[in-house]
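Asker: Chains as they are written, first to last, in numbering that gives the first Met the number 0: chain U, 0 to 420; chain C, 0 to 386.
Everything labelled a hint here was simulated from the structure, so no lab data went into it.
Which chain C residues face chain U? A few, computed with CB under 10 Å, are given here:
{"hint": "1", "residue": "S122"}
{"hint": "2", "residue": "K137"}
{"hint": "3", "residue": "A170"}
No residue lacks a Cβ here, since even glycine has one placed at the ideal position from N, Cα and C.
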Amino acid sequence: MNKEGLLYKISEGIQDMCYIWSKEIRSTIKDEGVLIFLILVPLAYPLLYSWIYNNEVVRDVPTAIVDLSHTQTSREFIREFDAGPETKAAYYCNSLDEAKDLIRKQVVHGILYFPSDFEDNLYRGEQSKVSVYTDMSLMLTYKAIYGQAQAIASHINTKIQISKSTTAFTNRDEEITTKPLDFDEVPIFNSTGGYGNAILPGVLILILQQTLLLGIGLSAGTARENNRYQELIPISKHYNGIFRIVFGKSMCYLMIYVVMSAYITLCVPRFFHFTTLVQPWPLFSLMLPFLLAVIFFGMALSCLVRYRENVMLLVVFTSVPLLFMTGISWPLSNMPGYWKSIAMIFPSTWGVRGFLSISSMGGSIEDIQDEIMILWFQAVLYFFITCAVYRYQINHTRKHANEKIMNVRAKAKEAMNRIDS
Amino acid sequence: MLKRIYHIALRECGIMWKNPIYGFCMVIFPIVIIFFFTSLMSAGVPTDLPCGVVDADNTTTTRAMIRKLDAFQTTKVVSHYQNVNEARNAIQKGDIYAFLYIPEGTTSKLMSGDQPKISFYYSNVTLVAGGNLYKDLKTISTLGSAAVGIKKLLAIGKTNQEISDFLQPIAIDLHQTGNPWSNYNVYLSTTMIPGLLMLFIFLITPYSIGTELKFKRSREWMAMADNNPWLAIAGKILPQTIVFLTIFYGFEFYIYYILGFPHPGGIIPILLIGLLAVLSCQGFGIFIFGLMPSLRMSMSVCSLWSVVSFSVCGATYPAFAMNPFIEGLAFLFPLRHYYMIYQMGILNGFPLTDCWFYIMTLCIFAMLPLFTVKNIKKAMLLYVYIP
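Okay, chain U solo, but in the shape it has when bound (with noise of 0.2 Å):
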């Protein structure tokens, strides 16, 4: 075959790229470090996150009486404050105060106040009031506490209506009396308001991303110690070209993650019962440009690298700020500008994005396609980058080489001038 041909050149590049693709799927196991955060995180991980938020619903929140009134109709709220399946009348106190001191014990996380003309006020057909006292050190205890003494609050009060009423005969007529208007309210999404189900989707393709992030910094890392002139990028004849060093590296990276990213997206919520609505195509369509993106972003980046343990500083706490740009949190709409624009850079904002509306909301590829597109864009522009700065690196790599043939040579140069005379 003719050595200066294209397709010469095009199975060269291709067997190169299977050599450095097999080469680094060999480091990626031999390095306990890239080990760790490829392989082992992206498996564990979602497992302990997963139960850590399984039980989704706070239940039987524990709170405190004060029954100053001790009547019937007090008794009643109490009762069915404590039947209800958010919260527990936990102790009976005499005075606010010593409901207080529970607080104070952290054995309550809440008050509900009956002041002692509670009933007299309701008879006297006056409106009576109960208080209420949250610790709001917790929001689920806070909304679950008063979400439920405001519907006991509102079944009493149908109740007491239909007593005054003097038009109502029938039930329907003390149906209509009460609500003249009826309504249904319909949780469409994540209808049990568990905070799993809404926090975990999230919480699972960041893993994706920040592990994929910490294992390609971290070999690239290694590559460069490992290298005699820390150089990223080893003088072999199989590196001759940015091409078949991208592409090779990624295809290891990618297929292991192909793998991680079904165990994550399919398994994981299944093992643990969340709510997992995907469809096959949606969930390909935007996962491959996803790992796409997060690769090719992760490559480019880990040429800023030097020593390998700077990735961990540089990515971890990157997680936490990255999930509330996502919006899963703090709603997007009332997200400053700025903070909306550089969240765009990030793979993670569309990935995550992306699969909550075709996870936890059915979502066909309709309704992502402004994800996908855009991660295919990041894609494309990561991938060049990537290309960018590996020829970079290359040339870098290149002119140090020559400079020490040279250097070599000179000293050679020299050494025989010496003999010679």
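Use these hints to put chain C onto chain U, whose structure you have.
Answerer: Using the frame of chain U, we list chain C on its own:
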């Protein structure tokens, strides 16, 4: 002895000055993080959340209802949809978080006393948005009923006071102690930011000890301390403690005194919690490095530990609602104790004696190096770094 510590500390300052990663991880990134969280949630409570409307009735009554919904602080009616399917698609796309559906004939049924039914749909996929919109949509739906009641009662000559007494015989009087605005900035920034600051301490401590081995300076370092590992570690950690403490106190000063986050507990718990947070994390970092004197292993462990602590600390999802095993495990994470001291001592202003257990545990974290410092000495003198 003090002189030796001083010299080692000076040497450490030189190392920190030369290696830019220290500057980034101890000063620049923490400041960025502090700014990120406090600015991200600076609104405190989410307002104008996008909400949709499917108004198949389209009468003055329903339009007035929608206007009223739009006027709520939390809700903003961004678009009208032709049918429920379209609105559902908009939720799936992420354009809106909830929508109100008013079927055709609602007004006429209302007039004829036929009890029409409207529905509202909300998505809990973003819990904060779903929860807030749910509150508003429920209020507007209840108000719809109330409006009819008010009309009727006015017609038979009731006064306003009587009407409100009839419509709501029992009212809930809510006291949100500590954070009366249910401000999310107060709620989340006070644990997320310290968690990240602690993450940096977690990582930098083993990094600074481990790099001695890596750059083959460990024997020189030990020699400066006369082979006494206690002096060596003390000298090394001291400058970092000072920098981290400055950052931590700066952060606390910023949120409590400039942004005015509630802190009825006063200055003493604020100062104490900062000191404990820094020392316990450094103690933990040294302990882990002593346990496995390899730079990469100790840093991996520390990073995995610190990332899990955000979930396990129980600031967002309460610890008592977790699996009992996880609840017990939470005690191994300094951030959990930090959060408990914060909410009891600072947010609620209870006496510090109430959180003695958590203070004591953080002190134990700070003393953990007692068990492994000998091991560090051995490692420094005998081990060779293998990349």
